[in-house]
Amino acid sequence: MIEQSKPKLLRKTIKAGELMNQVMSDYFYGVNEAATTGKQKVAWCTSVGPAELLRALGFAVHFPENHGALLGATRMATDLIPGANAIGYSPDICSYLTADIGAYLKGVTPLAKAYPGIQSVPKPDVLVYSTNQCRDVQDWFGWYSRELGIPSIGIKSPRNLNEVGAAPIEDVSQQIQALVPPLEAISGNKLDLDRLRETVALSKECTELWKQVLETAKAIPAPLTFFDGTIHMGPAVVLRGTQVAVDYYKVLLAELQQNVRDGAGAVEGEKVRLYWDGMPVWGRLRQHSEHFLQLRTNVVASTYCSSWIFPAFDEKDPFRSMAQAYLELFIVRSDEYKEQYMKRMIEEFRIDGIIYHDAKTCPNNSNSRYGLPKRLETATGVPSLVLSGDLNDLRCISDEQTKTNIEAFIEQIEEGK
Amino acid sequence: MSKPVYVGLDIGSSRTKVAVLDADRQLLGYAIKKSGTDFSVTAGICLDASLEMAGATRQDIANAVSTGYGKSNVEFVTTESKTEIGCLANWGRHNVSGIITLIDIGGQDNKIVKLDQEGRRSSFKMNRKCAAGTGAFLEEMSYRLDVPLEDMDGLARASKEMVKLGSYCTVFSATEVLENIRNGKKVTDIVKGLFYSVIKRVLEMDLPTEKVVMTGGVVAHNAYIVEMAAEMLGRPVIRPEYPQLAGAMGAAIYAINEKGDAGSADPNRLISEGELQ
Ligand code: SF4
Chain X
0 MIEQSKPKLL RKTIKAGELM NQVMSDYFYG VNEAATTGKQ KVAWCTSVGP AELLRALGFA
60 VHFPENHGAL LGATRMATDL IPGANAIGYS PDICSYLTAD IGAYLKGVTP LAKAYPGIQS
120 VPKPDVLVYS TNQCRDVQDW FGWYSRELGI PSIGIKSPRN LNEVGAAPIE DVSQQIQALV
180 PPLEAISGNK LDLDRLRETV ALSKECTELW KQVLETAKAI PAPLTFFDGT IHMGPAVVLR
240 GTQVAVDYYK VLLAELQQNV RDGAGAVEGE KVRLYWDGMP VWGRLRQHSE HFLQLRTNVV
300 ASTYCSSWIF PAFDEKDPFR SMAQAYLELF IVRSDEYKEQ YMKRMIEEFR IDGIIYHDAK
360 TCPNNSNSRY GLPKRLETAT GVPSLVLSGD LNDLRCISDE QTKTNIEAFI EQIEEGK
Chain G
0 MSKPVYVGLD IGSSRTKVAV LDADRQLLGY AIKKSGTDFS VTAGICLDAS LEMAGATRQD
60 IANAVSTGYG KSNVEFVTTE SKTEIGCLAN WGRHNVSGII TLIDIGGQDN KIVKLDQEGR
120 RSSFKMNRKC AAGTGAFLEE MSYRLDVPLE DMDGLARASK EMVKLGSYCT VFSATEVLEN
180 IRNGKKVTDI VKGLFYSVIK RVLEMDLPTE KVVMTGGVVA HNAYIVEMAA EMLGRPVIRP
240 EYPQLAGAMG AAIYAINEKG DAGSADPNRL ISEGELQ
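If you read the sequences in order, they're chains X and G. Per numbering that gives the first Met the number 0, the very first residue in the first sequence carries number 0; after that it's consecutive. Per numbering that gives the first Met the number 0, the very first residue in the second sequence carries number 0; after that it's consecutive.
Just chain X, with the same shape it has in the complex (with noise of 0.2 Å):
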């Protein structure tokens, strides 16, 4: 008995994805030619650090994550990240670090490949952290500052908080001001307190606009996956407060509540709807992108795209609302808040299952640890299932385990339903 193997089913390009690759591409060769030319000043900013400050000042800006996150996505990650550990630097944590210091030791960058004329990350005048997300990224940034003889200044931040209170955002602001000074001498530039209030205005826009994207995928088919969104928050992250980040979004908006209304989903035959927590498996995108779409299967809403939504951000209050914004985030949060907030998704999306991404040198950004999902699950009744694997190094994560994990989970939801 021979039976014929099942048509491979499609997934829906994005069309807008195009302009994206122009405008990334615009970035990265913007900020090389600062480095190379001497033109403009390149900091160095953490993914939610002070980039709007950073960039009324006149510097151009670069994000060390991004680049972690481009050597995951072109498999580079897990070769460079014993270099890292050669010289001391665990492989139990931060990958990102591990792979981006990895790399500047071995001399090379996907930015190489990927943008012809480009010979490596750009050199920095100054390094710009918050520990809000976690305080590897002050130990990554010092490693670079000692290496390279520049200043590593940054925001220590509180963290794990329930509610975003008036002390905290004081606090945090008084050191986002603090900043100025020792910037404004290195930029050479004054802090235009005009240019600032545009930068932020331009901030929200750019946040409102990608807060729509994600939500159009609250449409049963949804017209956009995680993976899509992984790729497609890439300017919401390097060119947050330009207002090419703001046109693009524009555009990618467009196209999916035309989707929407044309009742065209993102993966052909949508059955399952699921929620994504935790960091992307960047070397094995394409394959679970692939994989889900196979089992018809959408992850229609995650933490980590969602972490790019900044309402608190207020042109009339630049200080102190980038403090709000920068602690709003997801992962400056208590267990507490982060439940509530996964409920409240998964009512809103019309999520059938969570799959909670547990990433070996990650603690921060997995929130399988500490019985978050058992708790989710008394409370809503939705299943959920905890993958272990890593963000950046490969070997943390065995696909076939993965592959195994997410077809019988796939199959637990379709007995429920």
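Bear in mind the hints are in silico, worked out from the structure with no lab data behind them. Heads up, the beta-carbon is just placed ideally off N, CA and C, and yes, glycines get one too. Treat the hints with caution; some may be incorrect.
Calculated cross-link-like contacts (lysine-lysine; reagent style DSSO-like; alpha-carbon spacing at most 27 Å) [unchecked claim]:
no., chain 1, residue 1, chain 2, residue 2
1, X, K155, X, K122
2, X, K359, G, K124
3, X, K342, G, K124
4, X, K7, G, K258
5, X, K373, G, K210
6, X, K416, G, K159
7, G, K199, X, K359
8, X, K416, G, K210
9, X, K402, G, K33
10, G, K124, X, K402
11, G, K32, X, K402
12, X, K373, G, K199
13, X, K416, G, K258
14, X, K342, G, K113
15, X, K402, G, K199
16, G, K113, X, K270
17, G, K124, X, K270
18, X, K270, G, K258
Coverage of chain G stretches by chain X, computed from C-beta distances (three or more under 8 Å per stretch; other residues unrestricted) [said to hold, decoys possible]:
no., segment
19, 75-87
20, 111-122
Derived CB-CB ranges, DEER-like [what the hints assert, rightly or not]:
no., chain 1, residue 1, chain 2, residue 2, range
21, X, E414, G, V170, 55 to 63 Å
22, X, Q293, G, G35, 27 to 35 Å
23, G, E74, X, S333, 44 to 52 Å
24, X, D91, G, E230, 32 to 40 Å
25, X, D398, G, E209, 32 to 40 Å
26, X, K14, G, E203, 44 to 52 Å
27, X, R343, G, G35, 46 to 54 Å
28, X, G164, G, K184, 57 to 65 Å
29, X, D261, G, M204, 39 to 47 Å
30, X, T377, G, T174, 38 to 46 Å
31, X, A378, G, T36, 46 to 54 Å
32, G, E74, X, E414, 20 to 28 Å
Following the hints, position chain G with the ligand against chain X.
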């Protein structure tokens, strides 16, 4: 003309198991063989052996479903596959009534699957990245201790005073075992300690319900492990007649159900109390 048969092929990374069932879910034939490196060849051999035992031929196959690590390597029989967790649950649903916890200890991994009152999966867990709590752990230790794998059950049973091993990790455990040998501990006591370690690793994965069923290759070859688990849990544990075939039989039941049989739980097929350990 012979009757149609339903086949379940469980292509594990360590062993290939094939079960042939009739439409009433009765086991007619089966075969178990080391999977080796060519999964389809092994599957073919097991398929023919189990069909022969069932008095059937490949022409009699009404439907077949595959599962396990090599489930996509048997396209010559079927392209329909289910996960090993799904198949284990499906077997449990049709063979044991009530809320149950299925604990499967295989060659390379272990799984815990919980079923609710209606036989639906309420949760499952697979072991994580290491060999702890799997057959691979016992295989490695049998090599270290220089005792054949098949002797381990008898040795553990003969132990008077178990040696407790503390480590999670197979490599660390090997060191602990060597340490114990150097200290003059008896092999029987060490082997019992190894069994204890396997069960403990598995039971640590989840909270088992009142009713527990154990399956898988390790359970099939080491009945004493089930007795020890029952003692540790403080209640009887069910060991079915063919612990190693649960996945293959679950796959075959899927094959039956896909052909139109509603396939709800069958109270007449409940495992008898006599099989409680
Ligand atoms: S949050 Fe996690 S992935 Fe991001 S920089 Fe910190 S440790 Fe690395």
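Here's how the hints hold up against the structure:
{"no.": "1", "hint": "K155(X) x K122(X)", "in the structure": "holds (24 Å)"}
{"no.": "2", "hint": "K359(X) x K124(G)", "in the structure": "holds (18 Å)"}
{"no.": "3", "hint": "K342(X) x K124(G)", "in the structure": "holds (23 Å)"}
{"no.": "4", "hint": "K7(X) x K258(G)", "in the structure": "holds (23 Å)"}
{"no.": "5", "hint": "K373(X) x K210(G)", "in the structure": "holds (21 Å)"}
{"no.": "6", "hint": "K416(X) x K159(G)", "in the structure": "violated (51 Å)"}
{"no.": "7", "hint": "K199(G) x K359(X)", "in the structure": "holds (23 Å)"}
{"no.": "8", "hint": "K416(X) x K210(G)", "in the structure": "holds (25 Å)"}
{"no.": "9", "hint": "K402(X) x K33(G)", "in the structure": "holds (23 Å)"}
{"no.": "10", "hint": "K124(G) x K402(X)", "in the structure": "holds (13 Å)"}
{"no.": "11", "hint": "K32(G) x K402(X)", "in the structure": "holds (25 Å)"}
{"no.": "12", "hint": "K373(X) x K199(G)", "in the structure": "holds (22 Å)"}
{"no.": "13", "hint": "K416(X) x K258(G)", "in the structure": "holds (21 Å)"}
{"no.": "14", "hint": "K342(X) x K113(G)", "in the structure": "holds (24 Å)"}
{"no.": "15", "hint": "K402(X) x K199(G)", "in the structure": "holds (26 Å)"}
{"no.": "16", "hint": "K113(G) x K270(X)", "in the structure": "holds (24 Å)"}
{"no.": "17", "hint": "K124(G) x K270(X)", "in the structure": "holds (23 Å)"}
{"no.": "18", "hint": "K270(X) x K258(G)", "in the structure": "holds (22 Å)"}
{"no.": "19", "hint": "75-87", "in the structure": "holds (count 10)"}
{"no.": "20", "hint": "111-122", "in the structure": "holds (count 4)"}
{"no.": "21", "hint": "E414(X) x V170(G): 55 to 63 Å", "in the structure": "violated (39 Å)"}
{"no.": "22", "hint": "Q293(X) x G35(G): 27 to 35 Å", "in the structure": "holds (28 Å)"}
{"no.": "23", "hint": "E74(G) x S333(X): 44 to 52 Å", "in the structure": "holds (51 Å)"}
{"no.": "24", "hint": "D91(X) x E230(G): 32 to 40 Å", "in the structure": "holds (37 Å)"}
{"no.": "25", "hint": "D398(X) x E209(G): 32 to 40 Å", "in the structure": "holds (36 Å)"}
{"no.": "26", "hint": "K14(X) x E203(G): 44 to 52 Å", "in the structure": "holds (50 Å)"}
{"no.": "27", "hint": "R343(X) x G35(G): 46 to 54 Å", "in the structure": "holds (51 Å)"}
{"no.": "28", "hint": "G164(X) x K184(G): 57 to 65 Å", "in the structure": "holds (59 Å)"}
{"no.": "29", "hint": "D261(X) x M204(G): 39 to 47 Å", "in the structure": "holds (45 Å)"}
{"no.": "30", "hint": "T377(X) x T174(G): 38 to 46 Å", "in the structure": "holds (41 Å)"}
{"no.": "31", "hint": "A378(X) x T36(G): 46 to 54 Å", "in the structure": "holds (48 Å)"}
{"no.": "32", "hint": "E74(G) x E414(X): 20 to 28 Å", "in the structure": "holds (25 Å)"}
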